[in-house]
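What follows is each chain in one-letter form.
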Amino acid sequence: MLRLVYLYRNLTRNNMRTALTCAAVALPIVIYVLSTAVIDGLDRFLDNAAKQLRLVVSHRASIINPLPSGYRSKIESLDPERTRLRSVCGMGWIGGRIENDSRLLSTLAVQADTFPATFPEFKLTPEELAAWHRDRQAIIVGRATASQFGWKVGDRISIIPSLPPYTPMEFHVISTAPHAADPVTNFCRLDYFDEVRKEADVPTDIVSFFFVKCADKEALDHFGGAIDELFAHSPDQTRTQDEKAFMTEFITQQFDLPTNLTILAAVTIFVAVMAAANTMSMNFRDRINELAVLRSIGFSGLALAGLILCESLLLCGLGGLIGAGIPFVAFNFTSLKELTVPVIQAIIVEPNVCVEAFLVALAVGVVAAVWPAIAATRLTVVAALRNLE
Amino acid sequence: MGLPISYHWRNLLVRKTTTLLTLLVVAVVVGVFTWMMGFASSLTRSLAVASDETKLLILKRGATAESNSAIPIEDFNRLNQLSAIVRDEDNIPLLSPEMMAQVSLPRARDGGATFANVAVRGVTAAAFKVHRNVKLLGKGFTTGRREVIVGQAAAKQFAGLNVGDTIGLGYGSDRGYKVVGHFSAGGGPMESEIWGYLPSLMNAYNRKTYSCASLRLSDDADSAAAIERIRGPAIQLEAKTERQYWQAQSAGIRRYLTVAYALVAIMSVAAIFSIANTMFSTVAGRTREVAMLRTIGYSQWRILTGFVFESILLTTVGGIVGCLACVAWLSLVGNTKDMFGATNFTTLAFEIRVTPAIVLWSLLSVVAVGVIGSLIPALRAARTPVVSALRAP
Numbered sequence: 001m002l003r004l005v006y007l008y009r010n011l012t013r014n015n016m017r018t019a020l021t022c023a024a025v026a027l028p029i030v031i032y033v034l035s036t037a038v039i040d041g042l043d044r045f046l047d048n049a050a051k052q053l054r055l056v057v058s059h060r061a062s063i064i065n066p067l068p069s070g071y072r073s074k075i076e077s078l079d080p081e082r083t084r085l086r087s088v089c090g091m092g093w094i095g096g097r098i099e100n101d102s103r104l105l106s107t108l109a110v111q112a113d114t115f116p117a118t119f120p121e122f123k124l125t126p127e128e129l130a131a132w133h134r135d136r137q138a139i140i141v142g143r144a145t146a147s148q149f150g151w152k153v154g155d156r157i158s159i160i161p162s163l164p165p166y167t168p169m170e171f172h173v174i175s176t177a178p179h180a181a182d183p184v185t186n187f188c189r190l191d192y193f194d195e196v197r198k199e200a201d202v203p204t205d206i207v208s209f210f211f212v213k214c215a216d217k218e219a220l221d222h223f224g225g226a227i228d229e230l231f232a233h234s235p236d237q238t239r240t241q242d243e244k245a246f247m248t249e250f251i252t253q254q255f256d257l258p259t260n261l262t263i264l265a266a267v268t269i270f271v272a273v274m275a276a277a278n279t280m281s282m283n284f285r286d287r288i289n290e291l292a293v294l295r296s297i298g299f300s301g302l303a304l305a306g307l308i309l310c311e312s313l314l315l316c317g318l319g320g321l322i323g324a325g326i327p328f329v330a331f332n333f334t335s336l337k338e339l340t341v342p343v344i345q346a347i348i349v350e351p352n353v354c355v356e357a358f359l360v361a362l363a364v365g366v367v368a369a370v371w372p373a374i375a376a377t378r379l380t381v382v383a384a385l386r387n388l389e
Numbered sequence: 390m391g392l393p394i395s396y397h398w399r400n401l402l403v404r405k406t407t408t409l410l411t412l413l414v415v416a417v418v419v420g421v422f423t424w425m426m427g428f429a430s431s432l433t434r435s436l437a438v439a440s441d442e443t444k445l446l447i448l449k450r451g452a453t454a455e456s457n458s459a460i461p462i463e464d465f466n467r468l469n470q471l472s473a474i475v476r477d478e479d480n481i482p483l484l485s486p487e488m489m490a491q492v493s494l495p496r497a498r499d500g501g502a503t504f505a506n507v508a509v510r511g512v513t514a515a516a517f518k519v520h521r522n523v524k525l526l527g528k529g530f531t532t533g534r535r536e537v538i539v540g541q542a543a544a545k546q547f548a549g550l551n552v553g554d555t556i557g558l559g560y561g562s563d564r565g566y567k568v569v570g571h572f573s574a575g576g577g578p579m580e581s582e583i584w585g586y587l588p589s590l591m592n593a594y595n596r597k598t599y600s601c602a603s604l605r606l607s608d609d610a611d612s613a614a615a616i617e618r619i620r621g622p623a624i625q626l627e628a629k630t631e632r633q634y635w636q637a638q639s640a641g642i643r644r645y646l647t648v649a650y651a652l653v654a655i656m657s658v659a660a661i662f663s664i665a666n667t668m669f670s671t672v673a674g675r676t677r678e679v680a681m682l683r684t685i686g687y688s689q690w691r692i693l694t695g696f697v698f699e700s701i702l703l704t705t706v707g708g709i710v711g712c713l714a715c716v717a718w719l720s721l722v723g724n725t726k727d728m729f730g731a732t733n734f735t736t737l738a739f740e741i742r743v744t745p746a747i748v749l750w751s752l753l754s755v756v757a758v759g760v761i762g763s764l765i766p767a768l769r770a771a772r773t774p775v776v777s778a779l780r781a782p
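Keeping their order, the protein sequence lines are chains A and B. Each residue of the first sequence is one higher than the one before, counting from 1 in our numbering. Each residue of the second sequence is one higher than the one before, counting from 390 in our numbering.
In case anyone wonders, no lab produced these hints; they're calculated from the structure. All of these numbers come straight from a predicted model, not from anything done at the bench. All clues stand as given, with none of them false.
Cut-off 27 angstroms, straight-line C-alpha distance, at most; resulting in silico cross-link-like pairs (DSS-like, lysine-lysine):
| id | chain 1 | residue 1 | chain 2 | residue 2 |
| --- | --- | --- | --- | --- |
| 1 | B | LYS545 | B | LYS567 |
| 2 | B | LYS629 | B | LYS518 |
| 3 | A | LYS244 | B | LYS726 |
| 4 | B | LYS597 | A | LYS198 |
| 5 | A | LYS244 | A | LYS74 |
| 6 | B | LYS545 | B | LYS528 |
This is chain A alone, in the form it adopts within the complex:
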C-alpha cells in the first residue's frame, strides 16, 4: 500500500514531466494503432482472398492484354463434372468515371451467370440475385464508393467507361455489397458492356482476367499449373496465380504500403522508447539521493528496481491508454467515419489492435526502465549520499 502511495506521489510531483512524457508516448502509440489498423485491413483483405480458394488467370505478357472470353469454356472443360473446379468468371476492367467529375472509379464488367457462385462472399440476397440476373444494366457498387457518390439501391447512374467506346453507360444500382472484401470496386454485367461495344463496332468478347473458384486447396494447386499448360501453345498464353499473390502484386506496386507502414510503426515505437527512457533517467538522476536513503533504511536493490519499473510501467501505460484510446473512440464512436475520405473509411480500429498497442506501450515502459533499474541495484549508498551537494 505504502509503495502504491509512493508511486503515485512520485508521478504527481513533477506533473509537467509526467504529462509531457505521457504525451510523448501516447502520440507514437496513436501512429502505431493507425498503421497497424491499415496493415491489418490489407491483411484481412488478402486473407479473405486466400480463403476464397480462387485462381486468377491473366495474360502472360501483361495484365492489360485482354484474353478471349471463350477461354472460359476451355478452362471449364478441365473438370466437366465441376467437382474440383467450381466456377469460372471472366471479367473486364472498365475503370470509369462520371460526367464532370475527375474522380476515377474502379469498375469491372463480369460474366453475370457465374459471378455469384465465384464470389459467394458477397452474400447477395435472393432479391438482389433476381435483379442481377433479370436486369442487364444491373450494377453492384462498392459500399465506400456508394457513400462517396451518394448512391443508393434503386438509383440510376451513368458511368463513362475508360475503354473504347468511351460512351456513357446507364446502370441500375441493385446492391451496395455490404459483405464485399473490397469496398471500392463496382461490378456490372459483361454482356451489357459487350452489347455497348458491339453497337460501337469495337472488339468484343474479350476480358482482362478469369477468376476460377476451386473446391479445395489441392484443386487450387493442381489447376494453377494445369490452366497455364492448357494455353501454353495458344497465341494468348496465360499466367495463373492464386488470388492472394495476384492482389499482393497490385498492392506492392502502388506504394508498398505494408512495408512502409511497418517501418514507420517501428520507428515511432523507437521514438516512444527514447522519450520514456529519457524521463526515467532524469527521474533517477533527480532522486538519486532519495533512492540512497531508501537503500539505507533497508529496501533492497531489487525493491528499488521494482519501484522504478512500476513507475515506468504506470507512466507508459497511461500514455498507451491515451494513445490507444483516442483512435479507438474516434474511429468507433464519432462521426469521423461518415467523412467521405476513402483513406479514413478503409480504416477499422478493432479492440484487439488497441490492446496490442497498449501492450506495446507497456513494453516501452519496461525497456525505458532497464537502465535506471540496473543502476538502482548497483547503487552504493555512501557515494550517492555524498552526491547530496
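Fit chain B to the supplied structure of chain A, relying on the hints for placement.
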C-alpha cells in the same frame, strides 16, 4: 554580451544520457522526415520535367490514360488541321502518333522476385522533335529491324535492358527486340519507358489504331484555346497539357504522401514534447546557476535566448545525425522506387535523392522544433526569482 557557446555545449555534455536520448528522438524523426521529403521531391522533380506547357497529349475522349486510349488513324489525321502546331524546317507539323503497350519485367533491386509493368511506346521520327527533352545516349533504333531504345531509369531499375540484350515484346511477348541504345528525358517519366518504331510495334501488338498522340504548339499559341479546338466538333479528341496528365496519374501516390506527412507531423509533436521535457529538467536543475548568471549581470533576454540556443544546438546535432542516417539508409537499402500510375497501370521509376535543399529544409524544421520545445522552459528560466533561488538549498 551573450553566453558563450562553450557554456551551452558543456552543459549538454554534463547530462550525457539525457542529451543522447533526446538527440536520438530528434534524429529518428528527422531521418524519417528527410526520407519522405526525398521521396516527394524526387517524384515532383520527375513530374516537373513533364510539364511542358507547349506540349499537348491527345487522348480519345473518355480515356483516362495513354494506355487505355485508342485513336483511329482517321481521327488522328484530323489533328493536322490544327493551325497552332509548330512546323519544322520541312514544313511538317510536329505531331507524333504514338502507341502505348506494356511489358512485365523483373525488378533489378530484388533480383527479379517481383515484376513491374514497364511502358512500351511506339513512336516515329516526329516523337524526337515533339518530346524535346528526349536525348539519345548512343544509337537510335533503325526502322527496318526489331530494335528498341530504353530510358535510362528503366535500364537501371529493370533487369535485361542493357544494350545488346533482347527482350520479348509484342502481344504474346514472343517477338525478340534488341536493345540498341539508351536515352535520357531530363529525368522525366519517359525515362521509365521503352521506345520502338511505331509500325513495327503496332504489328507486334496487333493494333490497328494509335493509342495517343502528342504535339507541339508554337510558343505564342494559347494552349487553352488549342485544347478547346481539339475537343470541338472538328476534331473531337481530348487534349491535356503534360502537367494535367501527370498530376492525375500521381493523384493516388500524393494522397498516400499526405497521410504519411500527417503521421510524421504527429511524430514531430512527440519530439517537441520530448525536448520540452528535457529542457524543463535542465532548467530545473540549474535554477541556482541561472540566478547566479542574473546576479552577475546577464539579462532575462540573454537567459531566455541562451536556453533556446542550447535546445537548437541539441536538435541541430540530432538533425544532422538524422540526415546522415537517412543518406546511409538510402545507400545501404537502395534508393530506387517505382510507382504505379492511377489509371495507366504502368510504372514510373525514379531514385530518391537527398539534395542540399532537402537537408536545409530538414534542419530548418528541426530548429523550429527546438525553438518550440524550449520556449516555455526558457521563459521559466528567465523568470527565475533571483534572491529566493540563491537562498534555496
